[in-house]
Amino acid sequence: MTSTAHRAVGQPIGRIEGPAKVSGEATYAAEYPVKDVVYAWVVQSPVARGTLKSVGTADGTLAVLWHGNAPAIEKVDDPELAVLQSDRIGYRGQAIALVVATTLEAARRAAQVISLEIDEEPHDALLTADHPGRYTPETVNPAFPPVSRKGDFDAAYAAAPVTVDVRYETPALHNNPMEPHATIALWEGDDLVLYDSNQHPPGVAATLGEVFGLPAERVHVIAEHVGGGFGSKGTARPNAVLAAMAAKVVGRPVKLALPRQAMFSMVGYRTPTLQRIRLGAERDGTLTAIGHEAVEQSSRIFEFAEQTTVVTRHMYAAANRYTGHELVRLDMPTPRWMRAPGEAPGMVGLECAMDELAEQLGLDPIELRIRNEPAAEPESGVPFSSRHYVACLREGAERFGWAGREHKPRLRREGNWLIGTGMAGATYPAMVQPSVARVRITPDGSAEVAIGASDIGTGARTILTQIAADELDLPVERVRVRLGDSTLPKASVAGGSSGSASWGWAVTGACRELRRSGKDEAVFDSTDLVKKQETDGKHAYGAHFAEVRVDADTGEVRVTRLFGMYAAGRILNPRTARSQFIGAMTMGMGMALHEEGVLDPATGDWVNHDLAEYHIPVHADIESVEAAWLDERDDDLNPMGSKGIGEIGIVGSPAAIVNAVWHATGIRVRDLPVRLDKLLTAGL
Amino acid sequence: MNLVVNGVGQALDIDPRTTLLDALREHLHLTGAKKGCDHGQCGACTVLLDGRRVNSCLVLAISQQDAEVTTVEGLAEGGQPHPVQRAFLEHDGYQCGYCTPGQICSAVGMLDELKQGWPSAVADDDLEAQIRERMSGNLCRCGAYANIVPAIVDAR
Ligand code: FES
Ligand code: FES
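Going down the list, the protein sequences come from chains A and B. Heads up: the first sequence at position 88 corresponds to 88 in UniProt numbering, and the numbers run straight through without jumps. Heads up: the second sequence at position 122 corresponds to 122 in UniProt numbering, and the numbers run straight through without jumps.
A portion of the hints provided could be inaccurate.
[Stated by the list, open to error] Which residues of chain B face chain A? A partial, calculated answer using Cβ under 10 Å:
id	residue
1	Asp22
2	Ala33
3	Cys42
4	Thr71
5	Glu73
6	Gln85
7	Leu89
8	Tyr94
Think of the hints as simulated: they come from the structure by calculation, not from any bench. From a predicted model like this one, the values you see are computed outputs, not experimental measurements. By construction, the Cβ of each residue, glycine as well, lies at the ideal position given by its N, Cα and C atoms.
With the hints as extra help, turn the sequences into a complete structure.
In structure tokens form, the structure reads like this:
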């Protein structure tokens with residue numbers, strides 16, 4: 001057992017790599033000094049649909065690769081990685097050629113001027129709720145049934161004395177981690193080495209192995225520091241394949257860093273969603289019917305179906321329920337995971353609709369939620385392993401100062417500012433995935449923990465150090481965690497808010513095995529234990545509260561306060577946890593007020609594909625963003641009793657802001673983001 | 001051409017199209033300055049050029065013959081981190097760390113502007129509001145803003 005003398009878990013220990021990050025020493029993918037490296041630049045399709053006939057040559061280049069001359073790749077499960085293999089163009093922005101030159105400047109220039117012969121075809125890029133191409137996919141991400149029914153939704157909804165039937169829309173959103181996707185690829189004989197910015201080194205190694213017909217052990221992926229990902233680096237992206245292919249062709253190491261503009265099309269984004277929410281309730285607020293449907297898009301080349309309405313399956317009680325998803329395949333880039341896929345857009349629809357129901361009932365929106373708290377998973381009946389949603393609502397309301405809030409909107413004004421408050425619930429599944437870790441005692445009595453995980457800014461390196469220190473009864477200074485390398489024991493992806501739970505379990509297991517065996521090295525594989533777990537009924541919860549002020553003349557919205565109250569298992573490191581919560585809430589503010597990929601249907605492209613025009617929150621937008629949490633520990637989940645915390649902050653925080661804007665102005669903006677022109681058009 | 005980077009003279013033989021950012025990262029292997037957009041839209045590449053903060057991706061290196069450049073690698077003095085660097089550690093003013101060198105260099109330049117009484121769009125004396133406005137060219141996708149501003153206030 002661990003003595004309490006130096007308990008590290010639960011302490012606000014500073015990030016282990018902090019000094020390297022503030023001094024500029026932390027090395028990201030494109031920054032490794034590699035001898036004889038040359039530069040690649042991607043040529044992206046200027047049309048949304050068509051056939052590539054030929055690509056010209058360019059002076060001063062080492063190679064111009066396209067499907068007419070690129071090496072054939074072996075096999076891929078993800079068709080987006082079959083780069084330069086076919087003459088078909090699936091979307092505007094798709095990589096159709098790659099230029100390699102000895103300098104960055106020459107590669108970039110050649111890519112800009114190279115001639116392309118393309119047979120363009122008419123395209124369809126616009127998602128509409130009644131698109132004739134709508135269909136129900138077989139599953140939604142990752143493997144949920146697309147439709148769920150319980151009781152008789154239609155009858156209960158028709159019979160309900162109070163109903164809400166609203167449509168909410170969320171736009172295309174772009175992950176935009178600060179570090180663009182980048183790879184340096186080099187071949188050492190038949191072995192491939194990749195310095196690659198990703199959330200899953202072992203996964204990228206396995207995929208690149210398949211692509212080039214190599215066993216995974218022959219591919220070495222290094223991702224020691226990763227400048228964010230938010231889902232867009234969860235699997236190998238085309239940059240990794242392109243760089244490796246080019247390195248093979250030119251016989252030299254190749255560096256390929258995507259320009260920011262390419263990240264709007266080449267690496268995934270969050271699908272736009274068109275949602276319809278129908279709620280039926282008794283006059284006291286008891287829900288009798290919940291219906292939630294979403295129409296979303298994917299590309300022609302790959303089906304990605306976001307699980308937008310799955311969250312509605314377990315949030316509130318109601319005897320009669322219906323959720324569904326429809327997909328339209330368009331001549332558009334492939335959407336993928338972006339922070340809390342499913343929950344983030346789905347809770348905009350559900351939590352704004354709940355606010356509209358509370359308004360109709362003249363009931364406090366918190367009270368409405370408390371009245372519909374389920375005793376177990378409403379669809380499956382599986383008990384919750386822990387659910388402290390109501391406690392978050394109550395405690396959060398207390399700390400935010402919710403009491404005494406007027407139900408009616410547009411009652412507070414200070415000068416030209418209309419002031420309002422809003423709230424929304426939050427939830428995210430507590431997931432865990434199989435991982436392997438190794439721990440070794442070095443001759444000086446220190447411990448070295450090895451796991452092929454990726455710290456994309458979550459604090460994983462620090463938290464795993466704390467976990468190992470406690471398990472081995474060592475001070476944290478005597479524990480060294482190695483990660484970010486595919487040659488280390490196989491870890492799961494840094495995604496689905498599952499990193500700390502999954503890797504922490506493997507590290508705990510390895511440490512316990514080491515102590516049990518008395519040896520100086522131990523390996524632990526959590527696969528069997530993880531597979532035995534019931535996955536239903538395991539979620540983190542929270543409540544978000546927002547105070548906004550809206551300029552009565554211009555419609556400018558400012559968020560005066562944003563507050564999140566969470567019950568998310570045992571908090572392993574309050575300092576890094578708080579940063580994750582407030583960071584995701586900040587992104588939630590972007591979703592509510594700033595962010596949208598603006599489509600030009602005529603070209604099939606996002607017109608605002610850079611950081612000047614795709615607006616994300618900046619310093620000036622942040623006045624007060626705070627997070628707090630309840631003491632929770634759920635030992636049913638993993639040996640640490642923790643839940644994932646990387647995503648829950650973006651779930652519900654957008655709805656809290658949208659609801660606060662209504663409270664300030666009396667205007668319901670149902671298509672995000674809430675822009676001032678929408679408020680003005682609605683008669684602010 | 002020649003640059004003085006972090007106090008050290010550097011001779012460079014570069015393509016005239018090379019930006020100051022690429023000269024630092026690709027030729028001098030000073031990768032502290034980050035490339036987030038290459039278009040002057042994110043601030044990740046911020047360095048001090050003759051003492052003033054600039055987006056180094058918007059500066060052609062050859063236009064800066066003999067200029068003095070300070071990057072995040074050159075902020076420490078006598079082996080001691082700069083107060084702004086220390087404050088970022090103290091306040092967890094980052095997550096992924098990719099915007100961090102730009103935030104730090106920008107903060108150092110900004111505090112100097114503040115001291116010299118440079119005007120800002122925020123006229124009131126609320127120091128935090130001033131800092132937020134003046135730092136708005138430095139994006140942080142991890143959303144560490146609420147930690148960065150108190151760090152800068154502390155370092156001031
Ligand atoms: S890289 Fe220079 S401002 Fe973004
Ligand atoms: S710390 Fe990741 S972008 Fe700022």
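For each hint, the structure was consulted:
1. Asp22: holds (6 Å)
2. Ala33: holds (8 Å)
3. Cys42: holds (5 Å)
4. Thr71: holds (7 Å)
5. Glu73: Result: holds, 5 Å to nearest chain A Cβ.
6. Gln85: holds (4 Å)
7. Leu89: holds (5 Å)
8. Tyr94: holds (6 Å)
Checked against the numbered hints given earlier, the structure satisfies every one of them.
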